[in-house]
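Asker: Residue-level listing of the chains:
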Amino acid sequence: MLNPVMKSGPVEPNMYRYDEFDVKFVSERVEQFAGQVARRLSGALTEDQFKPLRLMNGLYLQLHAYMLRIAVPYGTLSSKQLRKLAHIARTYDKNFGHFTTRQNLQLNWIKLVDVPAILRELADVEMHCIQTSGNCIRNVTADQFAGATDEEIEDPRPLAEIIRQWSSLHPEFVFLARKFKIAVGAAPHDRAALQFHDMAVEIVRNAQGRVGYKVMAGGGMGRIPYIAHVMSEFVEREDILVYLEAVLRVYNQDSRRDNIHKQRIKILINAIGPEEMRRRVDREFQELKAMGTLQLPQDELDRITAYFAPPKFESGLSDTIPEAGADFANWVKTNISKHKAPGYAIATITLKTPGQVPGDATSEQMDVIADLMDAFSVGEVRVTHEQNLVLPHVRKKDLPVIFAKLKELDFAAPNAGLITDIIACPGLDYCDLANARSIPIAQNIARKFENLDRQHQIGELKIKISGCINACGHHHAGHIGILGVDKKGVEFYQLQLGGSSAEDASIGEIMGPGFTEHEIAGAVERVVNVYIAERKSGERFLDTYRRIGMEKFKAAAYETVAA
Amino acid sequence: MSKLLKSGAFAADPFTAAADDAALAEGPVLVSLARFQKEREGLLARNTALGVRLQSHENPESLGADVHHFALIALEFPKFRDGRAFSWARMLRTRLGYKGEIRAVGDFLYDQMNYQHRVGFDAWEVPDNFTVEQFARALTEMTDVYQPAADGKKTIRELRANR
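Chains as they are written, first to last, in my numbering: chain A, 1 to 563; chain B, 564 to 726.
Straight-line Cα separation of at most 16 angstroms, EDC-like style, residue types lysine to aspartate or glutamate; simulated pairs:
no., chain 1, residue 1, chain 2, residue 2
1, B, K642, B, E688
2, A, K179, B, D645
3, A, K338, A, E152
4, A, K51, A, D432
5, A, K24, B, D707
6, B, K717, A, D22
7, B, K642, A, D48
8, A, K340, A, D319
9, A, K214, A, E236
10, A, K262, B, D645
11, B, K642, A, E47
12, A, K448, A, E525
13, B, K642, A, D258
14, B, K716, B, E704
15, A, K51, B, D670
16, A, K24, B, E704
Hints were generated in silico from the structure; no laboratory data involved.
Starting from the given sequences, assemble the full structure and let the hints guide the process.
Answerer: Okay, structure coming up:
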């Protein structure tokens, strides 16, 4: 049993709260889906007919059972919501959940008959599974440091919430050619992988100092990765939904529908060219704008923004982090980021202690994190696309206590951004689409680099692992990307080097033939050793790779395999 | 067999569907876009209502100014997953200002009828066992909406502002 944290009682963070319209919308949607489930169970709907309906509500049929993907809009959760997720995992699943690269939570062992009850429980805490999968606009994601970092122009979550509402059961866009993912960021340092999204909005300031939105589209991973093209450098605030709707309309009308692998917006844009895409979008934009029904009034933006008001930060706090031993100091080095308020910090909880399944948390761990949120982070936590959690507003003086508690949870690994902070999709252990396992590969690599001094010596290095070409583990954007493939029934792992999902976005270059599951961790180690030998002062792995190219890495990676 | 649902009730279908190579029946006919383009003059010269059936890849803009000659535009769902007609209907109602009947035909689900209604469809070709009650329910499962669409329904934002 884990010891409870000093209880402070549930704290209500400043985040969007449902009003009577949202409550009614979600509860009617739950009953609508309950009806669809009943029709499926009675046989009135075939599995083929039910499939897009259940997907639109986050319900997949996986290898062993149904998987339910719960939306965590823009990654923000209250302690009350996290406790509910823990309760649902305990009651209806195997006592754990998996945080995903879309900032959502997946439950892997769900029974179809239980789904309506789960949805009702979620609705009780203002949550849902609307559009967490299927060929529609997916749950919108955002920078996990939103509202806490001093880098941002403004908190991107109010806009993300406005997009969430606009995209919920949008009648024109629920049967798109393929899925459509939107992310919002507001800082020059991109933590939300904007350029790998179907569409992304970056909050920017123009030359006149006015705040508005840069819109990008056509990025994506999958079997054909692309970096997004800029659609508009500056969209006025009130026009943002008009612009997003214009992009979606062009996509819905003009995308291919004859080949499932060529139906994402990235394929359309790269087929007709970004110039032609901008022309088509602009035509729709001008027309929609003239209609005047989608403009966002300033008072509506203000109203939504007010929900996300910064918490009342205490003044007069010491701005130094207390000393609390070597382990703590290591954790501070990697897992603590600069907060905008003096005396405060942003704390990343990596769900990646070597040996753990990346992104998994048990119900007990979730409950204790909820207690930590209440006691130390105004009742709030964020889910990151790197499958970690973030306490956004913690007092520096509380960090040692938080660290001690995380240690008990086995979530105190000082490895945020380091080589063992690995993104991995569920892979063949769970997923119907996978060709290979991802989780054990992530675990093997993490164990190989378990030595903390070595990890810190290596520095920032992002490994991302996908169990198939669909790239849910973002392997194209890994400094070191690993792709699992199936060759005649045997799992092989290809290496890619040089990808990045940050503001310096790039697609990794494929090294060559794959490695076996026994060879891959060793190959990664040899690649890392080349970096250590070649790096110049201050260079990250990515920088060295970009400077010296593939050759030396490749020679080292295959060295022992060939021998 | 199928029947026609219009304005919330079953209605007789005055249109006879004409295959591309068949002789035209007396009275209103429903033809493909290809046939319309081939026999445009003759079809427009008939002193009777005319309908055109568009496949999901056929953009209604290709009708040009002729759009207003049609009393009926049938938008086809070749399979229910193909959602292009949702945008075509909205384009007809907004950009093209089309006021006639927009009919959903082909493979669509009960669960899509509310979305179809919202983007501008006002008639549905439904199976014989489909009921008016089912239709009414399909349109009322969700009371309020977040987006403006061709149905002119007040959005949640507008409802909030009027509280």
